[in-house]
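Engineer: Protein chains in written order, with the working numbering: chain A, 1 to 380; chain B, 381 to 873.
Hints were generated in silico from the structure; no laboratory data involved. For each residue, glycine too, the CB sits at the ideal point set by N, CA and C. Mixed in with the good hints there might be a few duds.
Partner residues aside, some chain A positions facing chain B, computed with beta carbon under 7 Å [claimed, not checked]: (1) K2; (2) L4; (3) I10; (4) L12; (5) L17; (6) H159; (7) W162; (8) S163.
Covered by chain A, per the in silico footprint, the following chain B stretches (three or more residues, Cβ under 8 Å) [stated by the list, open to error]: (9) 385-397; (10) 569-576; (11) 803-809; (12) 812-824.
Restricting the straight-line Cα-Cα distance to at most 27 Å, the calculated cross-link-like pairs of lysine-lysine (DSS-like) are [unchecked claim]: (13) A/K3 <-> B/K458; (14) A/K222 <-> A/K92; (15) B/K404 <-> B/K532; (16) A/K2 <-> B/K577; (17) B/K804 <-> A/K29; (18) A/K7 <-> B/K837; (19) A/K219 <-> A/K97; (20) A/K209 <-> A/K192; (21) A/K3 <-> B/K405; (22) A/K216 <-> A/K29; (23) A/K225 <-> A/K97; (24) B/K404 <-> A/K3; (25) A/K133 <-> A/K219; (26) B/K567 <-> A/K3; (27) A/K97 <-> A/K29; (28) A/K2 <-> B/K567; (29) A/K7 <-> B/K559.
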Amino acid sequence: MKKLIGKGLIFLFVLTLILASLSNVFIYKIDHRGKLLEGLYNSSDPYDVVLMGSSHMNGGIDPNVLWKQHGITSFNYATGGQPIDVTYYLLKEVLKKHTPSVVVVDLYYIGMTTPYGETGFISNALDNMRFSKNKLEAIQNCTPQKEWLSFLLPVLKYHFRWSTLTPADFFYNSSSIYYLKGFSAGTQRYGKQDITKVTTDKKAEIPAKNLSYLYKFIKLSKENKFQLVFVNMPCDYTESNRSSGWVSDCEAMFNTVADLCQKNNVPFLDLCDRMDEIGLDFSQDMNNSGHLNVWGAYKTSSYFGNYLKQNYSLPDRRNDSALAARWNHDYSLTLWRLPLKTARQIQRHKSSTHCATRCVHFPLPAGMKKTNFTAQSKMP
Amino acid sequence: MSFISVQFLIFFPLAVFIYFILPKKQRWIWLLFASYFFYMNWNPRYGTLLAVSTAITYCSGLLIERAGCLPDPKRAAKWKKLWVAASFILNLGILGVFKYLNFFNEIYTDLVSLLGISVERMKFDLLLPIGISFYTFQALSYTVDVYRGDLKPERNFGKYALFVSFFPQLVAGPIEKSKDLLPQFSKAQSFDYDRAKRGLLLMLWGYFQKVVVADRLAQLVKTVYSSPGKYFGVEVAVANLFFAFQIYCDFAGYSNIAIGAAQVLGYSLTTNFSRPYFSQSIKEFWRRWHITLGAWFRDYLYIPLGGNRCSRVRHCLNLFLVFAVCGLWHGASFTFVFWGTLHGLYQIFGLLLKPARQRAAKALKIDPDSRPSRFLKALFTFLLVDFAWIFFRANTLSDAFTLIGNLFRPADLSNGALFSLGLKAPEFFAALAGIAIVLIVDAVSQKIDLRALLLKKNTAVRWTAYLSAALIILIFGIYGSQYTAQQFIYFQF
């Protein structure tokens with residue numbers, strides 16, 4: 001009996017090791033993976049600001065703009081559909097290697113009322129974290145018990161990809177997208193106005209689990225001595241308010257957030273209320289009802305860069321010639337990704353109001369389902 | 381809980397570990413507890429029905445024994461028969477209510493409406509307990525075995541309850557005879573390392589059959605059978621061929637997991653499948669397919685009806701009746717009855733044409749035992765079995781006839797139509813490879829004990845084989861969110 005148990009445990013251990021190493025092959029090689037591998041583990045660049053959150057942040061603030069305009073080094077760790085609990089553990093992972101002065105957390109997902117986010121969205125973040133105690137805690141707290149095993153060994157979740165694997169899955173090199181510093185925005189123009197833009201004094205409760213994570217962020221900021229900034233990115237709440245897994249009045253909930261932040265002395269920038277100040281034209285500067293497009297993101301990044309510069313003593317790293325050379329080069333590369341006209345306009349440090357004529361955007365990997373694994377397929 | 385679940389992969393090693401660390405005399409108690417836990421994990425209410433069937437058949441055993449002690453042999457025989465009848469009526473009554481009530485009600489209303497009387501069709505929303513057909517038949521075998529004097533009635537209710545509920549074979553067989561399994565619970569089982577290894581290997585093979593082969597084939601089968609009017613010729617033929625192997629690998633896979641699990645615990649269960657698609661005749665097919673069910677019907681229905689020791693007409697009638705009931709056992713639908721009946725007719729025609737076939741073979745100087753002859757017989761038998769599967773799998777008889785009609789119409793195979801039936805090209809070829817592996821293992825295992833052969837190899841070879849098998853199941857298996865693993869087809873019977 002002892003012999004069987006002993007050999008059985010060795011068998012399971014070896015099998016687990018093999019499955020863990022195969023997981024890296026089977027996980028979708030989308031930008032979320034590339035940027036997290038770079039930002040969490042590969043890059044040794046000093047980040048004075050880290051940007052955390054969901055797709056609203058992913059396509060909302062461009063580290064390259066912060067760099068170009070203010071010499072602020074930052075990285076955008078946000079991924080599509082990232083629930084607030086996942087953001088917390090991802091931030092803890094960031095803090096293992098980086099020591100940012102300012103941590104900016106997008107709070108859009110505190111409106112989620114379901115206990116867990118969608119598996120595909122959570123996978124975007126957790127599957128790209130290395131095995132550690134923090135990852136185990138993240139899996140335990142952010143995913144339903146029945147899915148723990150598939151988060152521990154992602155190959156069990158993606159095994160069906162065996163027939164669509166490409167050489168890129170075996171020899172994936174994430175460094176090619178580092179120049180983006182984690183930012184990615186769409187190039188559509190929404191063409192409609194924000195129909196929920198009504199101010200209210202009403203207050204609505206923050207879902208209990210998310211509220212607890214709000215306090216965890218505050219506690220973490222004190223423990224790790226970084227300055228915390230909560231933000232809410234520009235969006236139209238109509239779809240969120242109607243969604244069954246969401247609070248019914250986002251505006252009222254963010255009033256509660258504002259009160260809570262004031263009480264805890266944490267700045268909260270509700271950029272939804274500052275769209276005029278930023279200079280956003282909702283119909284032209286949004287990719288869809290929930291996400292900024294490249295033009296909107298440029299304006300918002302410029303606005304937010306000014307805010308950071310005015311309120312925090314962040315070093316201008318452009319004086320570091322080696323770093324500046326690389327980051328300036330990265331900045332120039334971002335222009336190639338943008339629609340031609342926008343690139344020219346950004347070069348002139350002007351915001352765009354004209355329609356794009358040419359753009360380069362990353363296609364989805366073959367065989368990937370949009371509904372499950374893309375950042376902008378769903379409302380968040 | 382299903383064998384294809386993380387829960388079972390945790391439950392089983394724990395159940396085995398606790399079983400062997402307990403004192404030998406108390407182990408059956410743990411197994412009984414584990415078995416009810418396993419079953420009630422699906423739905424706690426299932427446990428009540430299981431306990432009722434257990435209690436009825438347990439009492440029938442004791443009452444038959446008491447009746448046998450009556451001084452008057454005629455009275456004793458009468459009472460014994462009465463208790464057997466009572467056990468059958470009650471158990472089959474429960475089965476009938478929970479499984480067949482809606483079906484019989486449907487037939488009744490249809491018949492009555494033919495007479496011009498309008499009756500409102502009622503729909504009874506009853507919970508169909510998983511595996512009720514299996515454990516009911518197993519429990520009834522006890523009543524008959526005691527009646528026939530093949531077994532002394534079990535006085536220990538707990539041990540008897542374990543016989544009915546033993547978790548490895550509770551929900552989908554093998555259907556064990558009480559005289560074979562019940563005495564095993566009174567023997568002290570010691571842990572045997574080699575036996576456990578053999579059991580685990582059989583379970584691994586069962587998982588391969590189920591998760592890699594059956595559930596992959598099911599993807600294509602489901603597409604075609606869900607829209608029978610849309611597919612023609614090769615498409616229908618491929619779906620039908622795939623279903624033959626889907627149901628085989630599904631059910632044989634389950635049986636192998638069950639037999640392997642019991643073997644780890646030290647119990648010997650009856651082989652349920654023995655290379656059925658290599659059968660030379662339909663008669664032989666039923667000696668190799670679902671062997672324990674075939675044996676049940678033979679011992680408890682076919683022989684009591686007179687078997688083949690009667691007139692030719694009666695013999696044919698017995699065959700027809702037994703297979704019609706066998707079809708009904710598989711499901712409360714005319715498709716299953718038709719499937720069973722078709723197998724009955726195959727057997728009757730086989731019987732009636734036997735002399736003519738023998739004469740023809742003699743006249744043409746064909747050696748029936750030559751390789752080509754054996755191959756052709758196996759192929760013909762497979763085609764008959766495969767044709768009958770259409771009725772088994774189709775949702776309605778009308779769907780089945782649509783598929784048969786479409787089978788003879790050419791399919792438009794341009795633009796890779798064959799790879800758009802639920803299995804893209806690599807998956808399709810993986811499915812074919814799965815069928816080939818199953819057939820090769822079946823062919824080889826006729827002469828070689830593959831498990832013994834593997835266990836004789838050195839550590840490196842053995843461990844490579846174990847790890848490869850586990851990885852193949854985990855990588856190429858159909859499970860998880862991308863595909864919903866097919867429930868074991870036989871649970872519903």
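Engineer: Would you mind marking each hint as holding or not holding in the structure?
Structural biologist: Results for each hint:
A cut of 7 Å between beta carbons decides the hint on A/K2: the least distance to chain B is about 10 Å, and the hint is violated. Satisfaction of the interface hint for A/L4 is found here, the shortest Cβ-Cβ separation to chain B being roughly 6 Å, below the 7 Å cut-off. Of the supplied interface hints, the one on A/I10 is violated, with its beta-carbon coming no nearer than about 9 Å to a beta-carbon of chain B, more than 7 Å. With its C-beta approaching chain B no nearer than about 9 Å, A/L12 sits outside the 7 Å limit, and its interface hint is violated.
Against a cut-off of 7 Å between C-beta atoms, the interface hint on A/L17 is violated, since the closest Cβ of chain B lies about 10 Å away. Restraint check, A/H159 versus chain B: the minimum CB separation of about 5 Å is within 7 Å; hint holds. About 6 Å separates the beta-carbon of A/W162 from the nearest beta-carbon of chain B, less than 7 Å, and the hint is met. The closest approach between the C-beta of A/S163 and any C-beta of chain B is roughly 4 Å, which is under the 7 Å cut-off, so the hint is satisfied.
For the region 385-397 of chain B, the proposed coverage by chain A is satisfied: 3 residues have a C-beta within less than 8 Å of a C-beta in that chain, meeting the threshold of three. Check on the region 569-576 of chain B: 3 of its residues sit with their Cβ under 8 Å from a Cβ of chain A, so the three-residue criterion for coverage holds. Under the rule that three or more residues need a Cβ within less than 8 Å of chain A, the assignment of the region 803-809 of chain B holds, with 3 such residues. Counting residues of the region 812-824 of chain B whose C-beta sits closer than 8 Å to any C-beta of chain A gives 0, which falls short of three, so the coverage hint is violated.
With a C-alpha separation of about 56 Å, the suggested pair A/K3 and B/K458 falls outside the 27 Å cut-off, and the hint is violated. Note on A/K222 and A/K92: the hinted pairing holds, with a Cα-Cα distance of about 13 Å set against a maximum of 27 Å. Annotation: proposed proximity of B/K404 to B/K532 holds, straight-line Cα distance about 23 Å (limit 27 Å). For the suggested pair A/K2 and B/K577, the alpha carbons sit about 13 Å apart, so the restraint of at most 27 Å is met.
For the proposed pair B/K804 and A/K29, the alpha carbon gap of about 22 Å is at most 27 Å, so the pair holds. Proximity of A/K7 to B/K837 is assessed by CA-CA distance (about 16 Å); at most 27 Å being required, the pair is judged to hold. The straight-line distance between the Cα atoms of A/K219 and A/K97 is roughly 19 Å, inside the 27 Å bound, and the hint therefore holds. With a C-alpha separation of about 34 Å, the suggested pair A/K209 and A/K192 falls outside the 27 Å cut-off, and the hint is violated.
Annotation: proposed proximity of A/K3 to B/K405 holds, straight-line Cα distance about 24 Å (limit 27 Å). Of the pairs offered as hints, the one joining A/K216 and A/K29 is violated, with about 31 Å between alpha carbons and a cut-off of 27 Å exceeded. With a CA separation close to 15 Å, the supplied pair A/K225 and A/K97 stays within the 27 Å bound. With a C-alpha separation of about 20 Å, the suggested pairing of B/K404 with A/K3 holds against the 27 Å cut-off.
A threshold of 27 Å between alpha carbons decides the hint, and for A/K133 with A/K219 the separation of about 19 Å falls inside it, so the pair holds. For the hint linking B/K567 to A/K3, the alpha-carbon distance of about 24 Å falls within 27 Å, and the restraint holds. With a CA separation close to 23 Å, the supplied pair A/K97 and A/K29 stays within the 27 Å bound. Using a Cα cut-off of 27 Å, the hinted pair A/K2 and B/K567 holds, with the two alpha carbons roughly 23 Å apart.
At most 27 Å may separate the alpha-carbon atoms for a hinted pair to count; A/K7 and B/K559 exceed this at roughly 36 Å.
Figure legend: structure checked against the earlier numbered hints; hints not met, in rising order: 1, 3, 4, 5, 12, 13, 20, 22 and 29.
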